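Heads up: the sequence shown begins at 1 in UniProt numbering, then just goes up one per residue.
Simulated from the structure, these hints should not be mistaken for laboratory data.
Since the structure is predicted, the reported quantities are computational estimates derived from the model, not experimental observations.
Among the hints, erroneous ones may be present.
To be verified - Within a straight-line C-alpha distance of at most 25 Å, the following computed DMTMM-like cross-link-like pairs (lysine to aspartate or glutamate) qualify:
(1) 266 x 255
(2) 243 x 189
(3) 140 x 251
(4) 47 x 18
(5) 36 x 71
(6) 47 x 65
(7) 225 x 248
(8) 47 x 255
(9) 47 x 23
(10) 172 x 71
(11) 172 x 248
(12) 176 x 133
(13) 229 x 251
(14) 140 x 253
(15) 176 x 139
(16) 172 x 79
(17) 243 x 256
(18) 140 x 79
(19) 229 x 159
Said to hold, decoys possible - Label-pair restraints from in silico Cβ distances:
(20) 21 x 268: 14 to 22 Å
(21) 202 x 160: 26 to 34 Å
(22) 65 x 224: 39 to 47 Å
Ideal Cβ placement from N, Cα and C applies to all residues, glycine included.
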Amino acid sequence: MSVSNYKYLQPQSQWKPDFNNIDQTIVTIKIGSEAKDFHIHRELLCKASPYFESAFQGRFVEAQDRAITLDDVSTRTFEIVQRWLYSGVLVLPSDSDAYLHPKATDPRAKFCVDCEKLLSFDGMTHRNEDLLDIFVLADKYNLPLLRRETMITWQHLDEITHTCSDIQSICKIHDKLPASSVLCAYVADMYVCHWDPNFDDCPTCQSEDLACFTAENLPRSFMFKVMTKLHHNAANNVLAPGKIDWCEYHEHDGEEEMEACRAQRKLEGRIGADEYMDGMDT
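Just need the whole structure built from these sequences, with the hints factored in.
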């Protein structure tokens, strides 16, 4: 699927930088192993992140030097973050893996020898690596509105492509984030609601799928979440089958903020066709 097949990814303007009477103090962020310098308004960075507010407005050496080093962040990722800080828009590079269809095949793709279908977990493009890197940065350095915007963009891409994250991506998510992360919860819930295990397909497909699950050594916390939610849904029928509330993963501050987010996303067309919206007409 080409990029032109996608709906327009209209960003939600939750972060709105205000340049009226902004303090002109500039701080330097040294990024990556090469310590590439990025120069950003201190006030802008501190408003976006309690972490940087503490670093640059406290008694730490960073406040005196007006500089901080983030050697665990790539320049590619921070360029995206810097653009978001100044524009309020999350724009990914044109070559981002997020724009690739997750079932785009490559020469290593495997097809079932019996039914000739593309095997569920083989030959898929590993997408969303850019979004994962942004989310990890936003999680570690506490940029809550960037986490939310990244989460909504991730959800929208899943909605467009009608897929869950691939197994390899799930392993990377759990390697880079704590099990308590909302992104870990989201990918588990997506499997509960939307994963198709090819139960009705040929035995060869089922066998190959099982082999992929075994080979990837799925995180135990992920498996526990999936099993627990499946049991809970079956026992209580809390959510309609295949429906989740996107806002559950946005870290909102109360019901009023959740309702505002839902209404805004509805206007922008960034809702799931089967999203659970607490009675709202989707």
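Out of the numbered hints, which ones does the structure contradict?
20
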